[in-house]
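Peer 1: The primary structure of each chain is shown beneath.
2 protein chains.
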Amino acid sequence: MSRLKRIAIDVMGGDFGPTVVVPAALKSLAVHPDLSLVLVGDQPRIEELLGHTATRLRQRLEIVHTAVSIDDNTRPEAVLRKYKDSSMYLAVDMVRDARVDACVSAGNTGALLLTGRHLLKTVPGISKPAIIASIPVPTSNHRCYLLDVGANIDTQAPQLVEFAVMGAVLAASTCPHTPRIGLLNIGQEEHKGTVQIKLAAQALEKLDSLNYIGFIEGNEIFDGKADVIVCDGFAGNVVIKSSAGVVSVIKNVMQECAGRDWLRRLCAWLSAPLLLDLNTQIDPARFNGASLLGLQGIIVKSHGNARTEGFFHAIEQAVREVMDNVPDRIASRMASLAPETGAAL
Amino acid sequence: MSRLKRIAIDVMGGDFGPTVVVPAALKSLAVHPDLSLVLVGDQPRIEELLGHTATRLRQRLEIVHTAVSIDDNTRPEAVLRKYKDSSMYLAVDMVRDARVDACVSAGNTGALLLTGRHLLKTVPGISKPAIIASIPVPTSNHRCYLLDVGANIDTQAPQLVEFAVMGAVLAASTCPHTPRIGLLNIGQEEHKGTVQIKLAAQALEKLDSLNYIGFIEGNEIFDGKADVIVCDGFAGNVVIKSSAGVVSVIKNVMQECAGRDWLRRLCAWLSAPLLLDLNTQIDPARFNGASLLGLQGIIVKSHGNARTEGFFHAIEQAVREVMDNVPDRIASRMASLAPETGAAL
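Just so you know, the sequences run in chain order A and B. 0 is the number of the first residue of the first sequence in numbering that gives the first Met the number 0; add one for each residue after it. 0 is the number of the first residue of the second sequence in numbering that gives the first Met the number 0; add one for each residue after it.
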């Protein structure tokens, strides 16, 4: 058996805290016999939720107690000053100390980014970390990665190129071919888009080691045309949030219609298998777990409102990145590209 | 009977040209007894499609012949130099000459914007025209307006404020209350967003005559929280395109699932009324017709791939704007706000 993978979990983050995180952690331990977890948070509460967990799982679990946690209203900067004993800070600090291989948190995104950057530093060649989200592509049955989705706004061309490199590294583990990289834009034509997008496009075209395929428009994101889509964090953030909004509106409309009269109630009951298929293919829980890429260590951010299944998938994402050694691979890719990018930008 | 409303139609624009536009025009004439239309395009083709149109419709129809049209590959600037006899240019020119009250085109958006700006000029106080799209809000059963969706990128704060004013004027005609105006952002907190968004938020808060309600996140666009959502044209463009992408993916997944086996085929057949309800509520055709706001004249842009029903709704949008006298109302609103905005920005 290979060396145990070790991941720290911020138990106190997210809308539901330990009630969601502890069961998700146990599920991950059951799925991965070579995984051990450090649960960082309120020990009595964790012990209570662990209950009579089987010894074979319990022995791969360590608890690090802290009663301090931060919430979504905490200003990110405050974490570095006043919350060094919070579950989030302690979990990231364990990555820095190499006591664990990665950490997962459903807490305040801004605080997690700032803590990550402060404690882990960026990979040489990467100016700032980015948040990468994975998107279901039902037709091709694999995922597409979109970055940045909110860590950086007013992004300049060199940073967009960094995103392309980081995305390519992450996508390589789930993508059956060399990841195709697209640049999000408002049209296909060369003259479309901001100055920074046009500069980034010119640079990406010159990087032979990246499989850059050109501009991608909003409607093509879910088409499976690209495996990595690069964009400014503002655009990426509104794309993932508005897409989620559309899915939830459609579900609501169908539910509302389904309850309207007995005929529609019957129809809804009869069409349940279809809706189940749909849910399976675009289930947000399956795609939970956004990585903070570009740091010298692995941090995965779970959605704050994730339930057990969703948080489990965020841990899965961390496990994959540990196996793939993502930060080292980003570093070596950046180093090998340095002469090329220098010339291209 | 009130004076006839008169609208010029670019018959040659869009993916399907006259085959879609002529039947849509006839439907509009049938629906509005006080409407007359000028069809600008290839006369023989138009006559052929008109066939044996009833005299009561035919007498409210004029044809202006031109064999020249532009396509989506035409560079916008070329229109002003080489295509002054194109159906699009002639239709917009009729608005300038006050021969018609508005025009509708499904042609090249960039060319339409440039022609509109060149021939009609902007309303005093408006620096550049914006494209406004209307979005279905199934829960509240009315529409929400999003602007800009692609005419302006790298938008500055004063322009975002102009968008808010123009959106409020347009929304007033379909909105049962004073339009609630939101600013698209990546979070609710004051410190989130670009410098320009923060400046625009500060200015909008000071304008008492606008019902500004604060930041709106991507997932809230379809919630009915706001009647007008203001954003940079890049963000707006990716939002509407990616949302349309999600809807089409969901339809495809359900169709694909529905064909998988006999049980699912039966389910799909039985659940048809539900899907029909869904289609009715979020049907893109019903929401076709994006206005080019801020010009001294009314131009409505139909989606290039609109079918007859969609193009009909674009004409409907033009009819509404003629009735509401939108350009004049924007001008007077800008004039009355001038002292306030001067102080706010």
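Please keep in mind that the hints were generated in silico from the structure rather than gathered at the bench. A hint or two may mislead.
It does not matter which identical chain is meant; a pair holds if it fits inside one copy or across any two.
Claimed, not checked - Capping the alpha-carbon separation at 27 Å, the derived lysine-lysine pairs in DSS-like fashion look like this: (1) K197 with K127; (2) K120 with K191; (3) K191 with K83; (4) K127 with K26.
Being a predicted model, the structure only gives us computed values, none of them experimental.
Peer 1: Compare the structure with each hint and give your call.
Peer 2: Structure-based check of each hint:
For the homomeric pair K197 and K127, the shortest alpha-carbon distances inside one copy (21 Å) and between copies (22 Å) are both at most 27 Å. When the C-alpha separation of K120 and K191 is checked against a cutoff of 27 Å, the pair qualifies only between copies, where the shortest distance is 23 Å, while the shortest distance within a copy is 35 Å. In this assembly of identical chains, the alpha carbons of K191 and K83 lie at most 27 Å apart only when taken from different copies (24 Å versus 46 Å within one copy). In the homo-oligomer, the alpha carbons of K127 and K26 never lie at most 27 Å apart, since the shortest distance is 33 Å inside one protomer and 56 Å across protomers.
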